[in-house]
Amino acid sequence: MMTMMRRNPLLFFSTFLMGIIFVGGIFGPFLLPDPLAIDLINAMKPPFSSHHLLGTDPLGRDILSRIASGARVSLVVSLLGMIGSLTLGTIMGLVSGSRNRWLAWASDRMIDVQMAFPYILLAIVIVSATTPSLPVLVLLMVLAGWASAGRVIRSIVLSERPKDYVKAAELVGADQKRVLTRYIGPTLIPAILTIAPLQASAMIVMEATLSFLGLGVQPPTPSWGGMLLEGKVYLSQAWWLTTIPGIAIAITCAALIGIGEGLSVKLRGDRRRRIDPSHVAVAPGEGDKS
Amino acid sequence: MRYFLSRVVQALVIISGITVSVFFMLRFTAGDPARIRGNIFSSNDVLESYRRQFGTDRTVLQQFITFLNGVIHGSLGDSFRYQQPVTGLVLPALRHTMLLGFTALVISLSLAILLGTLSARKPRGVVARVSGVIAIFGQSAPLFWVGLLLINIFALHLGWLPSGGFSSWKNLVLPSATLALSILPSEMRVLSASVKAELDEDYVRTAHAFGLARRKVYFVHVLRNACLPLLTVVGNDMGMLLGGAIVAEVVFNFPGIGSLALVGLNAHDYPLLQGVPIVAACTFVVVNLFVDLLYTVINPRVRLGGAS
Chain A
7 MMTMMRRNPL LFFSTFLMGI IFVGGIFGPF LLPDPLAIDL INAMKPPFSS HHLLGTDPLG
67 RDILSRIASG ARVSLVVSLL GMIGSLTLGT IMGLVSGSRN RWLAWASDRM IDVQMAFPYI
127 LLAIVIVSAT TPSLPVLVLL MVLAGWASAG RVIRSIVLSE RPKDYVKAAE LVGADQKRVL
187 TRYIGPTLIP AILTIAPLQA SAMIVMEATL SFLGLGVQPP TPSWGGMLLE GKVYLSQAWW
247 LTTIPGIAIA ITCAALIGIG EGLSVKLRGD RRRRIDPSHV AVAPGEGDKS
Chain B
269 MRYFLSRVVQ ALVIISGITV SVFFMLRFTA GDPARIRGNI FSSNDVLESY RRQFGTDRTV
329 LQQFITFLNG VIHGSLGDSF RYQQPVTGLV LPALRHTMLL GFTALVISLS LAILLGTLSA
389 RKPRGVVARV SGVIAIFGQS APLFWVGLLL INIFALHLGW LPSGGFSSWK NLVLPSATLA
449 LSILPSEMRV LSASVKAELD EDYVRTAHAF GLARRKVYFV HVLRNACLPL LTVVGNDMGM
509 LLGGAIVAEV VFNFPGIGSL ALVGLNAHDY PLLQGVPIVA ACTFVVVNLF VDLLYTVINP
569 RVRLGGAS
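First to last, the sequence lines map onto chains A and B. Every number in this note's numbering is 6 more than the matching position in the first sequence, counting from 1. Every number in this note's numbering is 268 more than the matching position in the second sequence, counting from 1.
Straight line, CA to CA, 30 Å or less: simulated DSS-like cross-link-like pairs of lysine-lysine:
| hint | chain 1 | residue 1 | chain 2 | residue 2 |
| --- | --- | --- | --- | --- |
| 1 | B | K464 | A | K272 |
| 2 | A | K238 | B | K438 |
| 3 | A | K183 | A | K169 |
| 4 | A | K272 | B | K390 |
| 5 | B | K464 | A | K169 |
| 6 | A | K169 | A | K272 |
| 7 | B | K390 | B | K484 |
Chain B is nowhere near these chain A residues, computed Cβ spacing over 12 Å in every case:
| hint | residue |
| --- | --- |
| 8 | R13 |
| 9 | L42 |
| 10 | S75 |
| 11 | G90 |
| 12 | R105 |
| 13 | R107 |
| 14 | G179 |
| 15 | Y189 |
| 16 | P196 |
| 17 | A202 |
| 18 | K272 |
Okay, the calculated bits of chain B under chain A, using three or more residues with CB under 8 Å as the criterion:
| hint | region |
| --- | --- |
| 19 | 280-286 |
| 20 | 540-547 |
Derived from the structure by calculation, the hints contain no laboratory data. Here the structure is a predicted model, which means the values were calculated and not measured. Even glycine gets a Cβ: it sits at the ideal position worked out from N, Cα and C.
Take the sequences, apply the hints, and build the full model.
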């Protein structure tokens with residue numbers, strides 16, 4: 007624990023912060039007052055007033071409990087969106103890195119189409135075609151996120167292709183599917199682990215943006231973006247209505263980005279040590295610790 | 269030349285892919301625009317006449333053929349709600365959106381070049397630390413929240429700038445600053461990394477040895493080479509820029525394509541709703557094509573690689 011803190015403080019503190027947010031999101035709603043309880047006498051209380059640490063909204067609902075249950079919604083949706091988009095992105099990236107010319111071309115163009123299409127417009131089109139709900143929201147996030155993951159995976163697959171071990175596998179008669187899943191697949195894992203937190207942070211911003219536009223989580227379910235939407239009307243009277251949920255989003259995203267950066271440093275280091283022995287020779291103390 | 273042609277073909281494929289998928293997605297799943305157009309007491313005859321007027325009484329395939337025919341003649345149909353050609357509504361809005369995006373791009377690029385170069389020069393200096401903080405903030409704070417904060421500070425408390433609408437250049441300041449902050453981090457990181465990489469090159473040492481001023485070495489010689497990766501990032505971020513512009517429009521009540529798309533959403537106005545993404549995608553693809561071609565003009569090495 008202490009060595010990890012010293013060797014990669016960024017990863018340590020971001021993980022720690024994210025852990026607090028997770029625990030708050032999971033257990034907070036059980037301990038705090040009901041986020042939907044309307045109490046008009048205590049409406050619009052600023053932060054640090056008695057009984058309400060972060061104040062109340064125009065309906066007198068406690069903001070701290072709304073932030074906590076908003077965290078729950080946000081984290082669940084973003085996690086599902088992240089898993090879905092990474093899965094779809096990895097599959098499409100593998101396909102577009104395969105030797106099958108037509109399939110590769112088609113999935114390449116699909117990635118291009120997806121990247122060319124701003125996800126907000128996509129969300130508007132899809133929401134107008136259905137009604138906003140949590141499954142639709144997750145679907146939107148998967149659709150918005152898979153292409154960037156696919157592009158990263160594709161570039162890795164293409165850079166692994168000319169390497170000797172792939173050639174050897176093809177020489178002994180492994181078919182495309184086997185080469186991609188069994189041989190190239192494992193080399194993607196560090197990259198996927200590095201993208202995952204970044205993807206999750208993008209998903210949190212996306213969820214908030216969609217809810218802010220009224221396309222995501224619907225009231226009365228508390229969500230960070232929805233709280234910002236409700237607070238927007240009271241911008242001049244009650245600064246805390248918009249400031250607090252925004253800070254919650256920013257802290258969560260910063261923690262996730264920190265995990266991503268920390269992981270990339272850690273994994274790059276580990277991989278270098280394993281694959282390229284010359285670096286171990288340069289730093290002999292490093293190699294035997296792990 | 270072959271490279272150019274293949275890029276144009278790719279662009280056409282992308283645009284038609286988006287057009288077709290948007291059209292069918294909307295037709296197969298959405299509600300009835302006639303019901304939105306009429307009021308809740310409208311009789312079936314009235315609704316039927318609206319359907320005939322909108323053409324939604326025919327099969328989807330027939331509607332698609334009419335739509336394609338229109339596209340060939342440069343029309344995207346008439347908006348149900350405004351009763352005018354969609355192109356006449358979307359193009360002025362697109363001009364506003366592009367103005368917003370372009371201003372944001374200019375602001376963010378100049379900041380990225382300045383801060384990126386300075387922080388590559390002194391990685392532990394004050395500028396580097398400040399830009400690191402700006403980068404983390406720009407990356408983790410959602411764009412619309414930054415917009416609300418800026419409205420709160422500069423429009424409501426200080427009263428320096430208007431909070432929304434579009435009547436003069438003043439209305440452009442806050443939305444484009446918001447948008448610029450959201451694309452600044454990736455630009456800054458790439459530029460700073462490529463400046464650092466260029467600093468190891470021989471020509472930098474030569475320039476220093478010739479006694480050129482440090483400022484000249486950095487901002488003239490190094491920067492010219494370091495800008496190439498920046499161009500790629502700008503091309504890739506175009507979608508983000510456009511999407512961000514749409515969100516910023518909604519926050520600042522700016523009359524661009526994002527506001528228009530939301531109106532279309534609430535009115536179930538398919539022609540408008542499908543016109544916005546189609547026009548947006550065309551713009552995006554054309555801009556990207558332009559960036560790629562610019563890249564080959566600036567860097568002949570890519571041209572050779574692409575042709576083979």
